[in-house]
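Engineer: Now for the letters of each chain:
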Amino acid sequence: MYLAKVFITLKPGVLDPQGSAVEKALQALDFAGVQEVRIGKYMEVRLAASDRRQAEADVQEMCRRLLANPVIENYRFELVEVSA
Amino acid sequence: MKFGVVVFPGSNCDADVKHVIGEVMGQPVDFIWHQSTSLQGYDCIVLPGGFSYGDYLRTGAIARFSPVMQAVEGFAKRGGLVLGICNGFQILLEAGLLPGAMQPNHVLQFRCMETYLKVENNQTPFTNACAPGQVIKVPIAHGAGNYYADPATLAALEDGQQIVFRYCDRDGEVTPAANPNGSLGNIAGIINREGNVLGMMPHPERCAEEILGGIDGRLIFSSILKAWSGCGGCACGKSCGCREERSVKS
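If you read the sequences in order, they're chains A and B. Using the working numbering, you'd call the opening residue of the first sequence number 1 and step up by one each time. Using the working numbering, you'd call the opening residue of the second sequence number 1 and step up by one each time.
Calculated directly from the structure, the hints in this document are not laboratory data. Just so it is clear, CB atoms sit at the ideal spot from N, CA and C, and this is done for glycine as well. Among these hints, one or two may not hold up.
[Claimed, not checked] Looking from chain A toward chain B, a few residues come up when the C-beta cut is under 8 Å (computed):
1. Val14
2. Pro17
3. Gln18
4. Ala21
5. Val22
6. Leu66
7. Asn69
8. Ile72
All chains should be built: construct the whole structure from the sequences, respecting the hints.
Structural biologist: Here it is, written out as structure tokens:
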């Protein structure tokens, strides 16, 4: 059994309305050093796969087809083996 | 002309669209459940507004994998007319039937209001009943209508006259103040390169009867009927996007 930790982030240059609202809120809280906030998504997917290579290929395909929108988002993931 | 209105779990404008097509325009129209795999016998498919699958993950992201969407893709490839309204537009983007993506409104608010739209291209099957540059009043109701496309895609849309509607003020001026959601270039609706798939955030079905405060939305539906029935009565001759013209092109 594997656990995929998937990180979806907005591509550089794509405006992030939520991120800029949070950025302004942090600055309003006197965190003067805050330069930028970008908001993404974090997902955990538990999956069964015959081996690590298969699990990687599966998660890659999940990200490509559904979890991320390639027009505006990038993705990366970490894969750890967990007990079933 | 036979219409189909797709119903996804979470669609909520399906009945309004069916009412306008059936009762206002007087055309045969059916609901099509999202599990359907065939669109045989239909001439135009409408993906209505709503919150399919609760807008989970991204708007339209899950609906796009409904069985019916595979049929819609085939239908579109064969030249069938597809109109996506609001959530329907978002689904068309996720499905790749139209280029670009939707983001949350720049104001981070759900916007439910009247908007003015400038008809930038009236030579499509969805706008041929409009005058060039006509300003129409159509309401919006969405939280994610902030259209984004990368610069190359945007340039291609501009070059191909695929930007059909832009948000404007009452006088037809396309200004930042008239932009309700932060959309690039005030884009409110686009069409595919082949000219048979249109996505628009505003709701024409909500302004097709006087009792609702306006009838500009009816122009979209009467354009579709005009395109279907051929160039007869069409002021633009052979550039109205009618089916004859499309068959000549293909």
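Engineer: It remains to establish, for every hint, whether it holds in the given structure.
Structural biologist: Structure-based check of all given hints:
1. Contact between Val14/A and chain B, as hinted, is supported at the beta carbon level, the nearest pair being about 6 Å apart and thus within 8 Å.
2. With a least beta-carbon distance of about 5 Å to chain B, the hint placing Pro17/A at the interface is held under the 8 Å criterion.
3. With its C-beta approaching chain B no nearer than about 6 Å, Gln18/A sits inside the 8 Å limit, and its interface hint holds.
4. Interface hint at Ala21/A: satisfied, since its Cβ lies 6 Å from the closest Cβ of chain B, which is below the 8 Å cut-off.
5. With its C-beta approaching chain B no nearer than about 10 Å, Val22/A sits outside the 8 Å limit, and its interface hint is violated.
6. Hint status for Leu66/A: holds, given a least beta-carbon distance of 7 Å to chain B, under 8 Å.
7. Checking Asn69/A against chain B: minimum C-beta separation of about 5 Å stays under 8 Å; hint holds.
8. Because the closest C-beta pair between Ile72/A and chain B is about 5 Å apart, less than 8 Å, the hint holds.
The structure fails hint 5 only (numbered hints given earlier).
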